[in-house]
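When you get a sec, could you build the whole thing from the sequences and use the hints?
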Amino acid sequence: MATLNSRVPGGPLAQKWERHQFELKLVNPANKRHHSVIVVGTGLAGASAAATLAELGYNVLSFCLQDSPRRAHSIAAQGGINAAKNYQNDGDSVFRLFYDTIKGGDYRSREANVHRLAEISSNIIDQCVAQGVPFAREYGGTLTNRSFGGAQVSRTFYARGQTGQQLLLGAYSALMRQVAAGRVQLFPRSEMLEPVIVDGHMRGIVTRNLCSGEMQSWAADAVVLATGGYGNVFFLSTNAKASNVTATWRAHRRGAFFANPCFTQIHPTCIPVSGDFQSKLTLMSESLRNDGRVWVPTTAGDGRTPDQIPEAERDYYLERRYPGFGNLVPRDVASRAAKAVCDDGLGVGSAGRSVYLDFVEAIKRDGLDVIRQKYGNLFQMYEEITNEDPYKTPMRIYPAVHYTMGGLWVDYDLMSNLPGLFVLGEANFSDHGANRLGASALMQGLADGYFVIPYTLGGYLAGTRLGEVTTEHPAFAEAEAAASERIDSLLAVRGKRTVDDFHRELGLLLWDHCGMARNASGLTQALERVRQIREEFWQNVTVLGTPGEFNQVLERAGRVADFMEFAETMTRDALERDESCGGHFREEHQTGEGEARRDDDNFAHVAAWEFTGVGQDPVLHKEPLVFENVSLSQRSYK
Amino acid sequence: MSAGSQAEAAVSTERRASGMTFTLEIWRQRNADDPGRMVAYEATRVSPDMSFLEMLDLLNEELMRKGEEPFAFDSDCREGICGMCGLVINGVAHGPGTGTTTCQLYMRLFKNGSRIRVEPWRARAFPVVRDLVVDRSAFDRIIQAGGYTSVNTGSAPDANATLISQARAEEAMDSAACIGCGACVASCKNASAMLFVAAKVKHLGVLPQGQPERRQRGVTMLETMQEEGFGNCTNEYECEAVCPKEISTSNIAFLNREYIRNLVSLSSLRPLVTSE
Ligand SMILES: Cc1cc2nc3c(=O)[nH]c(=O)nc-3n(C[C@H](O)[C@H](O)[C@H](O)COP(=O)(O)OP(=O)(O)OC[C@H]3O[C@@H](n4cnc5c(N)ncnc54)[C@H](O)[C@@H]3O)c2cc1C
Ligand code: SF4
Ligand code: FES
Chain L
8 MATLNSRVPG GPLAQKWERH QFELKLVNPA NKRHHSVIVV GTGLAGASAA
58 ATLAELGYNV LSFCLQDSPR RAHSIAAQGG INAAKNYQND GDSVFRLFYD
108 TIKGGDYRSR EANVHRLAEI SSNIIDQCVA QGVPFAREYG GTLTNRSFGG
158 AQVSRTFYAR GQTGQQLLLG AYSALMRQVA AGRVQLFPRS EMLEPVIVDG
208 HMRGIVTRNL CSGEMQSWAA DAVVLATGGY GNVFFLSTNA KASNVTATWR
258 AHRRGAFFAN PCFTQIHPTC IPVSGDFQSK LTLMSESLRN DGRVWVPTTA
308 GDGRTPDQIP EAERDYYLER RYPGFGNLVP RDVASRAAKA VCDDGLGVGS
358 AGRSVYLDFV EAIKRDGLDV IRQKYGNLFQ MYEEITNEDP YKTPMRIYPA
408 VHYTMGGLWV DYDLMSNLPG LFVLGEANFS DHGANRLGAS ALMQGLADGY
458 FVIPYTLGGY LAGTRLGEVT TEHPAFAEAE AAASERIDSL LAVRGKRTVD
508 DFHRELGLLL WDHCGMARNA SGLTQALERV RQIREEFWQN VTVLGTPGEF
558 NQVLERAGRV ADFMEFAETM TRDALERDES CGGHFREEHQ TGEGEARRDD
608 DNFAHVAAWE FTGVGQDPVL HKEPLVFENV SLSQRSYK
Chain H
990 MSAGSQAEAA VSTERRASGM TFTLEIWRQR NADDPGRMVA YEATRVSPDM
1040 SFLEMLDLLN EELMRKGEEP FAFDSDCREG ICGMCGLVIN GVAHGPGTGT
1090 TTCQLYMRLF KNGSRIRVEP WRARAFPVVR DLVVDRSAFD RIIQAGGYTS
1140 VNTGSAPDAN ATLISQARAE EAMDSAACIG CGACVASCKN ASAMLFVAAK
1190 VKHLGVLPQG QPERRQRGVT MLETMQEEGF GNCTNEYECE AVCPKEISTS
1240 NIAFLNREYI RNLVSLSSLR PLVTSE
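Listed in order, the protein sequences are those of chains L and H. For any residue, its number in my numbering is found by taking its place in the first sequence, counting from 1, and adding 7. For any residue, its number in my numbering is found by taking its place in the second sequence, counting from 1, and adding 989.
Since the hints were derived computationally from the structure, they do not count as laboratory data. Predicted model only: the values in this text are computed from it and were never measured. Do not rely on the hints blindly, as some may be mistaken.
[As the list claims (entries may be wrong)] Label-pair distances were calculated between CB atoms; the ranges are:
#1 526(L) <-> 1147(H): 29 to 37 angstroms
#2 1052(H) <-> 36(L): 52 to 60 angstroms
#3 515(L) <-> 1012(H): 45 to 53 angstroms
#4 1160(H) <-> 35(L): 39 to 47 angstroms
#5 496(L) <-> 1113(H): 38 to 46 angstroms
#6 547(L) <-> 1218(H): 41 to 49 angstroms
#7 1151(H) <-> 481(L): 53 to 61 angstroms
#8 600(L) <-> 1012(H): 56 to 64 angstroms
#9 626(L) <-> 1052(H): 37 to 45 angstroms
#10 1052(H) <-> 25(L): 53 to 61 angstroms
#11 1160(H) <-> 526(L): 35 to 43 angstroms
#12 19(L) <-> 1218(H): 55 to 63 angstroms
#13 600(L) <-> 1104(H): 57 to 65 angstroms
Each residue gets a CB set at the ideal place from its N, CA and C atoms; glycine is no exception.
Here it is in structure tokens:
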């Protein structure tokens, strides 16, 4: 049986990374160009990795689904990116960022990885500024910070409401510079469908050219997956439409372990669902909670418009329940609290599934202009979608699926249990435990790509004897055949229900039973139902057109087919983790006040699943989590 | 300003229930070699709260249930930031909204019962892939020709080492907001990419970080634009009118100044495309 070795270096926490960097073997500069590296994905993690590896001299092949690398889902991030710069002199430090991240993740992440992330965070900001990222600035010309999502210090850097866009354009421009230099070959509109393993090492991939439908093989000395999160398994989420689990799931099917798939983040401030035609949900940046106050009426079924409800008949439930953090409690806590008041019948809006986010007081305090300057684009977006003016009437918000903490298992070097397969960004499980803090995903993606992988991948290549492998190796033909066969089977079903129809059904099921609140009986039912939906999918889905052309339905069908398999593992993980922690709330395990109750004696581990076949029970491997630098406590935001 | 406030404030509940109906004329083209044609479809039971793309989803779902092949169109974020979507709607790139992308249009903006023409971006440099989908990789090649600062990872000084006034940072941000959608090209009678190029040249040109390579940037990017088959700018200002990020044509004036100044001073230096 495979064992999990996290390869965390020895020594004191704050010295592990430096020591490890020294201990990693170096690739001779003249040899770097003889090494090819495949990077799948061009979001913050993939673009930063591909650009940096090319700068070092490696020969990089970069793949993405969109027509340009600049359109990766990272572009949509609004709020900001954290760094322990302590420019505000308000008590921040590397250790505090580390501590906040570990605590925010409800003690389900690896200390050493998180500390490294906090150490690197400052370099990221320097790099991005040098690229020309126009972060917000003070009148004096220094960088501005704000406090964000559950932090008591101001460590978040931002560029209007478009932080992800500006950071990605920075990484993308660095990548384009390497394309021009001839060190990166770019393959947009390409979907990785199979990884290729030769003699136990990851040596390549098979892709489908989305324009021509052609299957193509690519050989390399290592493969980096930076393919993002799987939130779209729920159908409705804040993720871009193309976000998927395919690349990581295919790697999982060939041996890579999937860690903590049940750890999903439901973001508290999204625009509520308005009809069954809806294709995705829109996030309203969490920064709004800095000035907006969340409330519901105190009596169920209060039909009055918000301006008619007097102060005394409003429940500012976050401020009431969590006086210490108020409206700024972490996401999982805020989301559950919204669900709880709506479950009690206090929700507002026609379906009663939303709560108010009110700016009246902030406008009175700071003036309309200040609020407009801070949030103008968000208010406008809200109005476009809902046809309601948030300057005059409170926004209505409700939680939505947003981010996935789970992902492929990786060691300290960000390498999966398959040698030569590295996983970065949202696609890995590494740093956020059971709940991610706001503005930390952008930080992690860029830390992984700019500052971790260049060292650890070099260490792997220098320390591993790899034979010469070309796409002539039979493993490539086998992988191409497997990918084509799956496509042919999808086209051969010729059923009656559309791909989206199945996807919606799967999503609703998971939202109900594996969403914000979970329990054993619901999860057991869901497991059964997922299998049935999957079976029906393979008997009754309609996928038109041919494989050898631009075919968007076929693309979606393949991704949904993978979600159907993945959903089972995710649900099983949620059932197996018989405790509550972070975003994973098992109703059986809560405190008297309805907070998540962890079980550190039995569940202070990473759950890493090994694939054994579709519909077969996967095998669970546990990586124990050892905390030497923080003491585990019940999270309290009171 | 926003699409929402232009819309009729109250949509009757009756209309919501029965839905709106539209006749859509949609460009169908199987691949780059197919000449292509407009095909008419009826979209029924459309809710005013649907986005334009959700209405297209609905129509495609119906086509598939009838065994007809759906039409292809691009989209990804569906919140106006990735630049993936882009349709010419009734002759206007990104349709009737102001400062919005196609994915941010809501059906409450359209008159119930009307005909709507839906076409792809049309430009020599953006060949059609299929139906409403085009290939915009020429934009990536323009950026490769100098749309960056040459700083390798790890070599950056402290982020606060250089002070940049708030006004200057905001000015850079106004230009950096371009999402690379290509509507400016689609709306221009010359199919020029000037606004796109200018936005990048100005974003980097007003910041201290962009100064070392400022002299060649505008020149090399503009030359690449021409090589890619985009036309020249003749000051029609259609681009600014359709740009979802309201990138101003003052960027083009900035680019023109850069170009003239630098072409003169660079003539003795070229070729000067640095990639190190
Ligand atoms: C609306 C929204 C707002 C957010 N705001 C913030 C914020 O303010 N701060 C913060 O820290 N985080 C935020 N996040 C989270 C953060 O944006 C993401 O976690 C992060 O950007 C993920 O980056 P990534 O590089 O891992 O993947 P992505 O950016 O998702 O990129 C994935 C890449 O992989 C490619 N790909 C996927 N599958 C395949 C395949 N099979 N073959 C080939 N290519 C493939 C895609 O084309 C793409 O290039 C937000 C998320 C959302 C949804
Ligand atoms: S300048 Fe405007 S229209 Fe042109 S690509 Fe940029 S965002 Fe699109
Ligand atoms: S789909 Fe991203 S901008 Fe329209």
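(request) With respect to the beta-carbon atoms only, verify the hint that residue 547(L) and residue 1218(H) lie 41 to 49 angstroms apart. (result) About 46 angstroms separates the Cβ atoms of residue 547(L) and residue 1218(H), which means 41 to 49 angstroms holds.
(request) Starting from the range 53 to 61 angstroms, see whether the pair residue 1151(H) and residue 481(L) falls in it by beta-carbon distance. (result) 55 angstroms, holds
(request) Starting from the hint 35 to 43 angstroms, judge whether the C-beta atoms of residue 1160(H) and residue 526(L) obey it. (result) Given about 54 angstroms between the Cβ atoms, the range is violated.
(request) May I ask you to test the hint 57 to 65 angstroms on the CB atoms belonging to residue 600(L) and residue 1104(H)? (result) Cβ of residue 600(L) to Cβ of residue 1104(H): about 59 angstroms, so the range 57 to 65 angstroms holds.
(message) If I claimed the Cβ atoms of residue 1052(H) and residue 25(L) lie 53 to 61 angstroms apart, would that claim hold in this structure?
(response) 59 angstroms Cβ-Cβ, so the 53 to 61 angstroms window holds.
(request) For residue 1052(H) and residue 36(L), compare the CB-CB distance with the range 52 to 60 angstroms and indicate the outcome. (result) Holds: the Cβ-Cβ distance is about 56 angstroms, inside 52 to 60 angstroms.
(request) Could you check the hint for me, namely that residue 1160(H) and residue 35(L) are 39 to 47 angstroms apart, CB to CB? (result) 45 angstroms, holds
(message) Quick check on a hinted range of 37 to 45 angstroms for residue 626(L) and residue 1052(H), using CB atoms only.
(response) 44 angstroms, holds
(request) Note whether the CB distance of residue 526(L) and residue 1147(H) lies within 29 to 37 angstroms or breaks it. (result) Cβ of residue 526(L) to Cβ of residue 1147(H): about 50 angstroms, so the range 29 to 37 angstroms is violated.
(request) Given the hint of 38 to 46 angstroms, check if residue 496(L) and residue 1113(H) actually sit that far apart at their C-beta atoms. (result) 40 angstroms, holds
(message) Taking the Cβ atom of residue 600(L) and the Cβ atom of residue 1012(H), is their distance within the range 56 to 64 angstroms?
(response) Cβ of residue 600(L) to Cβ of residue 1012(H): about 57 angstroms, so the range 56 to 64 angstroms holds.
(request) State, for the Cβ atoms of residue 19(L) and residue 1218(H), whether the hinted interval 55 to 63 angstroms holds or is violated. (result) 60 angstroms, holds
Figure legend: structure checked against the earlier numbered hints; hints not met, in rising order: 1, 3 and 11.
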